[in-house]
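J.: Each residue of the sequence shown is one higher than the one before, counting from 1 in my numbering.
Bear in mind the hints are in silico, worked out from the structure with no lab data behind them.
Just so it is clear, CB atoms sit at the ideal spot from N, CA and C, and this is done for glycine as well.
One or more of the hints may lead you astray.
Here are the simulated lysine-lysine pairs, DSBU-like style, with alpha carbons at most 30 angstroms apart [said to hold, decoys possible]:
hint	residue 1	residue 2
1	Lys-313	Lys-164
2	Lys-178	Lys-200
3	Lys-313	Lys-104
4	Lys-215	Lys-384
5	Lys-384	Lys-364
6	Lys-200	Lys-247
Across the chosen pairs, the derived CB separations fall in these ranges [unchecked claim]:
hint	residue 1	residue 2	range
7	Asp-88	Gly-407	42 to 50 angstroms
8	Thr-89	Ile-47	23 to 31 angstroms
9	Glu-85	Pro-411	48 to 56 angstroms
10	Gln-206	Gly-105	34 to 42 angstroms
11	Tyr-58	Val-419	43 to 51 angstroms
12	Glu-397	Ser-339	16 to 24 angstroms
13	Met-139	Glu-376	13 to 21 angstroms
14	Thr-89	Ile-195	39 to 47 angstroms
15	Glu-376	Gln-291	32 to 40 angstroms
16	Gly-35	Glu-319	39 to 47 angstroms
17	Asp-268	Asn-213	20 to 28 angstroms
18	Gly-105	Arg-78	45 to 53 angstroms
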Amino acid sequence: MNEQVRNLPNAASHAQSLDRLAEVAIRVGLGLKPGQELVLTAPLEAIALVRRITEHAYKAGASLVTTIFSDEESTLMRFRHGRDEGFDTAPAWLYEGMTEAYKKGAARLAIVGEDPSLLAKENPDKVSRANRARSKAYMPALNMIAGFDINWTIVSAATPAWAKTVFPEDTDEVALAKLWQAIFSASRVDTPDPIAAWEKHNTALQTRTRMLNEKNYAALHFRGPGTDLRVGLADGHEWNGGSTTAKNGIVCNANIPTEEVFTTPHKDRVDGTVTSTKPLSYNGTLIQDIQVRFEGGRIVESRARTGEAVLNKVLDTDEGARRLGEVALVPYSSPISQSGLLFFNTLFDENASSHIALGQAYSKCIRGGGAMSEDELTSRGSNKSLIHIDWMIGSDEVDVDGITQDGRAEPLMRGGEWVTS
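Produce the entire structure from the sequences given, and follow the hints as far as they go.
T.: This is the structure:
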């Protein structure tokens with residue numbers, strides 16, 4: 001028997017870990033309350049996790065769980081055989097229904113596990129148009145999610161194509177098992193008490209956010225290979241990290257896993273150059289070695305070694321797509337970073353590295369933002385866009401300074417690690 005196969009966890013061990021991940025998703029990720037409906041989306045390959053999550057949701061008192069599945073083979077058929085005009089179409093009726101469910105109090109859970117290179121060989125114009133149509137139709141629902149009108153979370157499921165991307169030298173069976181183990185570890189379900197482990201982790205993240213909020217920096221300055229970037233922070237910005245209390249009063253963790261503390265940049269106060277430190281997997285296209293230059297908050301130059309055509313289409317989505325909606329700090333010593341793995345999945349890779357996000361800002365990262373109008377948020381520097389795309393700019397070679405309100409630079413991170421308490 002192959003040594004790697006011999007060392008794989010047995011079926012009982014895997015089933016137990018899968019059940020623990022489902023419990024974490026419901027109890028920590030969503031904080032699901034009795035009587036709540038749950039809208040669940042997932043790839044077909046994640047059916048085992050879907051069933052465990054559904055079981056835990058009903059045990060927690062869910063009134064109804066509705067699952068919407070996606071299928072990558074069907075997606076490819078669309079790009080290879082669909083009519084050209086169809087790429088400007090999205091199922092608005094579906095997203096309208098989801099929005100209505102959220103308005104009535106439903107929670108949202110997404111299981112992700114897409115093939116990072118699914119659309120790499122497809123027409124970038126069609127990819128861009130399809131993404132834009134979906135983003136436009138989904139915006140009312142996304143606004144409720146991004147604004148934490150509801151409790152929501154994202155978790156991952158290992159899928160064969162994703163696993164082979166992360167572990168290309170292994171057999172299909174070994175690659176899939178290794179990816180599952182990496183997901184379980186990053187999601188803290190391989191600990192004796194996952195719920196307690198998450199409580200401790202949330203406390204640590206919230207200690208960091210309190211420090212940053214007390215500092216009230218005017219800007220952050222990133223310096224490293226190919227990077228000299230000053231990110232001005234929005235007026236009245238607020239740092240967040242770990243668990244969040246949604247507007248419905250329910251405490252949730254939006255990302256499982258999470259290692260970041262994050263806030264809202266000022267859309268007009270970003271200047272300098274920045275180079276990505278990890279590839280960005282965006283809707284089936286792998287974009288590598290991104291380099292951009294900002295002036296007055298706007299990207300004025302951009303290039304990438306692979307996926308440049310898709311990157312440029314993304315930047316042309318709307319006016320806000322060339323501006324930042326988020327900046328996040330993650331230490332190089334984070335568990336995901338120390339795993340040494342490149343996941344080709346933003347949910348994981350963003351938690352291995354400090355990062356920025358193009359596009360839509362989170363209103364909750366402005367003090368009192370949840371009660372503000374769009375015009376009020378804009379006046380404080382909050383960005384608006386159809387997109388929100390995170391990409392990684394941190395490493396053990398990147399330093400970060402906090403710039404005080406009177407212009408002094410204070411060391412915040414050195415070599416990718418925190419230097420302040």
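J.: Does each hint hold? Answer for all of them.
T.: Results of checking the hints against the structure:
For a cut-off of 30 angstroms, the pair hint linking Lys-313 to Lys-164 stands: about 28 angstroms separates their Cα positions. For the hint pairing Lys-178 with Lys-200, the CA-to-CA distance comes to about 26 angstroms; that is within 30 angstroms, so the pair holds. A distance of roughly 35 angstroms separates the Cα atoms of Lys-313 and Lys-104; the hinted pair therefore is violated under the 30 angstroms criterion. Straight-line distance between C-alpha atoms of Lys-215 and Lys-384 comes to about 26 angstroms, which keeps the hinted pair within the 30 angstroms bound.
About 14 angstroms separates the Cα atoms of Lys-384 and Lys-364, which keeps this hinted pair within 30 angstroms; it holds. Between Lys-200 and Lys-247, the direct Cα distance comes to roughly 23 angstroms. Compliance with the 30 angstroms bound is thereby established for this hinted pair. Under the hint 42 to 50 angstroms, the C-beta atoms of Asp-88 and Gly-407, about 48 angstroms apart, fit the expected range. For the pair Thr-89 and Ile-47, the beta carbons lie near 28 angstroms from each other, so the given range of 23 to 31 angstroms is met.
Hint check: Glu-85 to Pro-411, Cβ distance near 55 angstroms, so the stated range 48 to 56 angstroms holds. Evaluation of the 34 to 42 angstroms hint for Gln-206 and Gly-105 yields a failure: the beta carbon distance comes to about 26 angstroms. The beta-carbon spacing between Tyr-58 and Val-419, approximately 47 angstroms, falls within the hinted interval of 43 to 51 angstroms. Remark: the range hint 16 to 24 angstroms for Glu-397 to Ser-339 is upheld by a beta-carbon distance near 19 angstroms.
For the pair Met-139 and Glu-376, the supplied restraint of 13 to 21 angstroms holds, since their beta-carbon distance comes to about 19 angstroms. Against the hinted window of 39 to 47 angstroms, the Cβ-Cβ separation of Thr-89 and Ile-195 comes to about 43 angstroms, which satisfies the hint. For Glu-376 and Gln-291, the hinted distance range of 32 to 40 angstroms is satisfied, since their beta carbons lie about 34 angstroms from each other. For the hinted restraint 39 to 47 angstroms between Gly-35 and Glu-319, the CB-CB distance of approximately 41 angstroms keeps it satisfied.
Checked against the hint of 20 to 28 angstroms, the C-beta distance between Asp-268 and Asn-213 comes to roughly 22 angstroms, which is consistent with it. Against the hinted window of 45 to 53 angstroms, the Cβ-Cβ separation of Gly-105 and Arg-78 comes to about 33 angstroms, which falls outside the hint.
Figure legend: structure checked against the earlier numbered hints; hints not met, in rising order: 3, 10 and 18.
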